[in-house]
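Protein chains: 2
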Amino acid sequence: MAYGINGRILRVDLTQASVNTEFFDDNLYRLYPGGKALAGYLLLRELPPGTDALAPENLLVIANGLLTGAPISASTRFTVAARSPLTGAYGESEAGGFWGPELKMAGYEAIVVSGRAKQPVYISINDDKVELRDARELWGREPEEVQAAIRHELGDKRIRVLQIGIGGENLVRYAALTNELRHFNGRTGMGAVMGSKNLKAIAVRGTGRYLDSAHDAKPIVDLGRALGKRVKEHPQAWDLQVKGTPALVGAFNAAGILPTRNFRQGVFEGADNLKWEAYEKELLTARGTCYACAVRCKREVKVDDRYQVSDAYGGPEYETVEGFGGYCGVGDLQAVAKANELCNRYTLDTISTSVTIAFAMECFEHGLIGLKETDGLDLRFGNAAAMLQAVDLIARREGIGNLLAEGSKRAAEVIGGGAHLFAMQVKGQELPMHDPRGKVSVGLGYAIGEHGADHLYSIHDTLVANPDSIGFKGASPLGVEALPAQQLGSAKARNYAILENWCSFGQVVGLCYFGPAPRSFTQIEEVLTAVRAATGWAMTLADLLQIGERATNLTRAFNVRNGFSRKEDTLPERLFQPLENGPMAGTLISKPEFERTMDELYRLKGWDSKTTVPTRDRLRDLDIEWVADLLGV
Amino acid sequence: MAYGINGRILRVDLTQASVNTEFFDDNLYRLYPGGKALAGYLLLRELPPGTDALAPENLLVIANGLLTGAPISASTRFTVAARSPLTGAYGESEAGGFWGPELKMAGYEAIVVSGRAKQPVYISINDDKVELRDARELWGREPEEVQAAIRHELGDKRIRVLQIGIGGENLVRYAALTNELRHFNGRTGMGAVMGSKNLKAIAVRGTGRYLDSAHDAKPIVDLGRALGKRVKEHPQAWDLQVKGTPALVGAFNAAGILPTRNFRQGVFEGADNLKWEAYEKELLTARGTCYACAVRCKREVKVDDRYQVSDAYGGPEYETVEGFGGYCGVGDLQAVAKANELCNRYTLDTISTSVTIAFAMECFEHGLIGLKETDGLDLRFGNAAAMLQAVDLIARREGIGNLLAEGSKRAAEVIGGGAHLFAMQVKGQELPMHDPRGKVSVGLGYAIGEHGADHLYSIHDTLVANPDSIGFKGASPLGVEALPAQQLGSAKARNYAILENWCSFGQVVGLCYFGPAPRSFTQIEEVLTAVRAATGWAMTLADLLQIGERATNLTRAFNVRNGFSRKEDTLPERLFQPLENGPMAGTLISKPEFERTMDELYRLKGWDSKTTVPTRDRLRDLDIEWVADLLGV
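Heads up: the protein sequence lines correspond to chains A and B, in order.
Each step along the first sequence adds one to the number in this note's numbering, with nothing skipped, and position 21 is 21.
Position in the second sequence (first residue = 1) + 1000 = this note's numbering.
Certain hints may be false.
[As the list claims (entries may be wrong)] Quick list of the computed label-pair ranges, beta carbon to beta carbon: (1) B:P1592 <-> A:D128: 52 to 58 Å; (2) A:A55 <-> B:G1586: 55 to 61 Å; (3) B:L1588 <-> A:D128: 53 to 59 Å; (4) A:T615 <-> B:D1378: 55 to 61 Å.
[What the hints assert, rightly or not] Here are some of the chain B residues that sit facing chain A, going by a computed Cβ distance under 10 Å: (5) S1490; (6) A1491; (7) I1524; (8) T1529; (9) L1541; (10) A1542; (11) E1600; (12) R1603; (13) L1604; (14) D1617; (15) D1621; (16) E1625.
Quick caveat, the hints were computed from the structure, so don't treat them as lab data.
The structure displayed is predicted, hence computed values, not measured ones.
From the three backbone atoms N, C-alpha and C, an ideal C-beta is built for every residue, glycine too.
Start from the sequences and build out the full structure, keeping to the hints where you can.
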């Protein structure tokens, strides 16, 4: 066994209440070594095109990566994937924390959940022992209670619980999953898929050791120790430990690319109230972390002031601070922290929730919805109380919340009257808090990403261009020199294509960006060393990139079979319009240049530039010619 | 200055007797960091298509690589390039030894020689001081005397001399260059180009230090030390030190792929007389080496028995042992050593010389030439005395030698009557002693290589597939597992394409195969470390491969402009016929499979499958779109 503790896939059929275990073929694992690759492989092969995302027939795949659980920084992430109820496309979301490593220790690389339970259940995994257990008493209850109840019932305080709150139960199309209450598979509505299956939670306890299964444990141990020592000497990693992601608010506002009021503006006048200094003063109680990670970027918070914010659910990340902050026109960090706590308590994706609320605010200000539709809620930009109430309504699917729980794209179709222009989404998924007018490479990822707009689909090449970067500059012969962040064209496309493969690789093996990219806390050679040590495979960086590219072709094939083509690979109209304020005022993305860059990108990917269908040649190059047969090309 | 000692190109116009120095633009050097890339760049830009290879207008480019002269094993090689008088295509040949590092110490990355001197001259380079000096007294004299005379004249015993013997003077189309008498730029007739310019020698003395110019000397020093220690613990490197390349005779004969009697057979009945054990007993006096190299694969020999073989000119390598051995049907190692000494004394390429003589032997046995044409020489396979006499006649261009000095392709055209079927050449250059029926990846390199059949164009993937290999398996997801050596197809093409880029990279930066490939004495990551330390560039392995691919596109563009297309990318008919004896008897290369594999290879390279013209897209990907303008695509 060259990977994982035991190399099993757990198959749980909730309709039949059956549990089966299957072992990997080693050759299969080399092609699809976990995460996005394994989930993409299983969903492409096993899920018929056109399956309703919320029907029992949808498959919920939970997959560790090759490195998930390795005792080195950033090796913590697992993927949850299914056809997305938000987009209808391939959906997936990664989370860190402790649950994925625990599943690895229990001896599983993946869980495939099919069917629907007759009444709420949870899955209990304790090494080889797997049970379906009654969750009727847990349904409707909050994550903190549920976690305690499961640990109590099973009599083990060390059990790790992955679960959904009422957002998932109520099938909010962007419902999330949470593990250890503070880590989230946020995007593409995987929580709704779990809810549609009447599956409340998956409790895991494992007693294996990652290192026991490694081909050569020593390089992994050495790397873990080196990273532990390095963190204080590494300015960017140390900054992440001291400040975490919320530090970006100040940086982006100064640069004029802080998404403000539904992407109309790049500077928020209330940003000072949202900046790291305010966060530290008003919210912070402690710094948290994920399994074995020395970076410790997580924040813990508690508020007992204008708002009451529990310390159980973790502190808001940058996306959330800004999403419920400047993006909704709210300059009150305590209100933001409350919105974050509510989303986490209900397991709602904070990005889609905040962006959908801002969408509603703009509709409200333009009179497309009024007090009648909102049941009297004065849903203007900047109204923190209304914003918080909207979160509550969404989770409960009450009043206007029932419409907004469908996501901004579907809501705009119902509202009509040009509301779609205010829906900042790609393929139905709402944009994160990074403005492509300042970071076009992020915009390319928003457009082409299989699961809709997602800032984790591909990292920002403006960061990668740093001399301490991962070096996949691809475009310029000049090594350390950056392409201008706003410059489109063929060089940008090449940059992007290489970076996307690297990012995809990370999503296959279970790496967080705060390890190998973009700040290079972990060097890419060290990642290679870890893969080699874990498996004994004689791989090179080129092989790692190929793993990433193979995974993306699987997920693209999934989308093609579900009716997607180039017309969905685009950006909201607003980004082709100028920013309204700040140092970047007037900046827009040129649509012809964007389309030319996309043309180049499809060529580099070996995909048809109209249908986006991968060519047989490229699929063969990636050792997945069977996908060409499936697609009939 | 992030590279070399001083980063200069020396321009010598022999017609004008002028010497100029030009400094690199740093951006240019990053795209073309020496060797094949720099030579390809200069020849493509500066040499008009159709220029006669032996006309004064041909350019002789001598180029160091980025790592040439770094004090680590295998970093010794320099390239000599020009339009080839043997092939009419891009010609180049690398050599190790001490001359390239000395040129680096003198502060030059390259020398571009143009024009023709009115009478024989040599170039003297002593750091900044460069002179053209009278060589009339040296013309016609042997390398050992010439080297001594130049050192005496310039009053410095440490001067390194690169020179031609009478083979080059007499414009034998496969004449070589020699440095330190024992290291050779053997292939593609670069010695004839030098001779056509009335240039006898280039004497160099440099006092700079590679490490003084390095971005960070320490990793280079550390690597040099580590490799020095590693050699005794590394079985393959140690085997090269103990036995050298001649050990291959026994291995290939046992495998049934020892090219015998003009590629008719794979087993030579006299191989025992040619094997390493015989070499050690009959020839060996000492082990030699190149600059700073711990591998020490060179052999030194002396014979005072059936033949008199001087110890001045180095021992025969595998190619020579077998070329003048089983390939000519000669099972007498002393005769082989004499043939080697003659070729080295006359500066003839031992491969083209022996293969052309075997061609003549087969013509003779078939009656296409007779005693009349040979002036009574009984040129049958196995006649060692006739073989040695033929070498002499070729160097002097006397009798049948004058025809054979044209190479087997031209000679076959003159002889007619089906003689072309006996000319084992690609693009006019004779095949080395590796049979593509046993090693099809070598055959792909013979076919597609810009400079005709050359076993150094791309390494053998049968070796690379070893678990201790460089890992660029490219085709199989199975990492360490080999593709069958004889299996053609798309997987083989992918393997080959990646390996070719890696090999080309080595030829750009000045690395010998006995460092990073195929036996991995130096790990590929260590090569990357050396490049980064030398330059400060934030490069990855992907960048190194791109450097290799860029160089190959330059040389292909050169060939396209000189009238080459797919029809020259082929193999001699004989290889599509079965081997006649031994364990591989009956093995042949399937022509349809070969063509399908070549189709795939062109696709992977981004070249038109009929014209072999690189696409503009690929050239842009490689940052050399100017080449597309030049080619009009």
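Which constraints among the numbered hints does this structure fail? Numbers only, ascending. Violated hints: none; all satisfied.
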